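For what it's worth, this note's numbering labels the leading residue of the sequence shown as 11, then goes sequentially.
The set of hints was computed from the structure by calculation and includes no laboratory data. This structure is a prediction, so every number in the text was calculated from the model and none was measured. No residue lacks a Cβ here, since even glycine has one placed at the ideal position from N, Cα and C. Where hints are given, some of them may not hold.
Said to hold, decoys possible - Within a straight-line C-alpha distance of at most 16 Å, the following computed EDC-like cross-link-like pairs (lysine to aspartate or glutamate) qualify:
1) 183 <-> 206
2) 183 <-> 200
3) 175 <-> 206
4) 137 <-> 149
Stated by the list, open to error - Derived Cβ-Cβ restraints for the label pairs, each shown as a range:
5) 65 <-> 150: 50 to 58 Å
6) 108 <-> 220: 34 to 42 Å
7) 55 <-> 145: 30 to 38 Å
8) 135 <-> 57: 40 to 48 Å
9) 215 <-> 110: 41 to 49 Å
10) 58 <-> 221: 45 to 53 Å
11) 216 <-> 68: 53 to 61 Å
12) 157 <-> 86: 13 to 21 Å
13) 186 <-> 129: 23 to 31 Å
14) 80 <-> 220: 30 to 38 Å
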Amino acid sequence: MKKTKRFLAVVLCMLLMLTPLAVVAETVTVQAAGPQTVKVKLDKKTGKRYGYDENNQKVTQQWGVTAKGFRYYFGKNGAAYQADQDMVGKYGILMKKINGKYYGFDVSGHTVKGIRVGSVSMYEIPKLYYFNPKTGAVDKKKTSLYRKYAATSTLAKQNNASKIKKILGKYKKCTISKGNTCMLDGNGKDVTYTYDYVQLNVVRPTGKGSSAEVVASITARQ
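Work out the full structure: start from the sequences and follow the hints.
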């Protein structure tokens, strides 16, 4: 009897092993990964910045963001793109094309946003660019519009500064020249509005107020 029970138990086990099991496949949605979190270290000898991932491996040819939210792009050798202060000044930027779009980087390697003045090559005169606050990429439409607002005035065509002043917002400092301007037949004063990263230079016609100012130029803050 015991032998019979053992035999039946063995047969039952074999049948269970041969019976196909129903497997439920779980669908996994993989979202596009954003910039990975990195730790940025400064090489004091070269002034270059390098990013390291959670495994302390150097990050190359990709974006990285610090715990404080600063966004960088690290090149082939791992160095972050950053402006050379000796070349462009404290508030100048370096512009780089990444995946078909232009981005701006300050002297600390941070991606910039809003209105800045820079150039895509060392041979180009610095111009106004508008960088998307979310992506950091140049917004071509707004760049074109704001360049019209900031176009240099001539005797034949004077460009009122009210529109670009409104876009730039509150200024940090306003300086008015003592002597007359050398523009527009010398009829007025040179006025410089200093903002966080740019300077707006205008001419205020003699005997008129700030609402009559016309654009002279827009430059990186000195």
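Hint check:
1. 183 <-> 206: Between residue 183 and residue 206 the Cα gap is close to 10 Å, so the pair holds against 16 Å.
2. 183 <-> 200: Holds - the C-alpha atoms of residue 200 and residue 183 are around 14 Å apart, at most 16 Å.
3. 175 <-> 206: 13 Å, holds
4. 137 <-> 149: 14 Å, holds
5. 65 <-> 150: 50 to 58 Å: 38 Å, violated
6. 108 <-> 220: 34 to 42 Å: 40 Å, holds
7. 55 <-> 145: 30 to 38 Å: 33 Å, holds
8. 135 <-> 57: 40 to 48 Å: Hint violated: Cβ distance 26 Å, outside 40 to 48 Å.
9. 215 <-> 110: 41 to 49 Å: 44 Å, holds
10. 58 <-> 221: 45 to 53 Å: Distance hint for residue 58, residue 221 holds at roughly 47 Å.
11. 216 <-> 68: 53 to 61 Å: Between residue 216 and residue 68, where Cβ atoms are some 60 Å apart, the hint holds.
12. 157 <-> 86: 13 to 21 Å: 33 Å Cβ-Cβ, so the 13 to 21 Å window is violated.
13. 186 <-> 129: 23 to 31 Å: At 29 Å between Cβs, range holds.
14. 80 <-> 220: 30 to 38 Å: Because 36 Å falls inside the window, the suggested range holds.
In this structure, the earlier hints numbered 5, 8 and 12 are contradicted, and the remaining ones agree with it.
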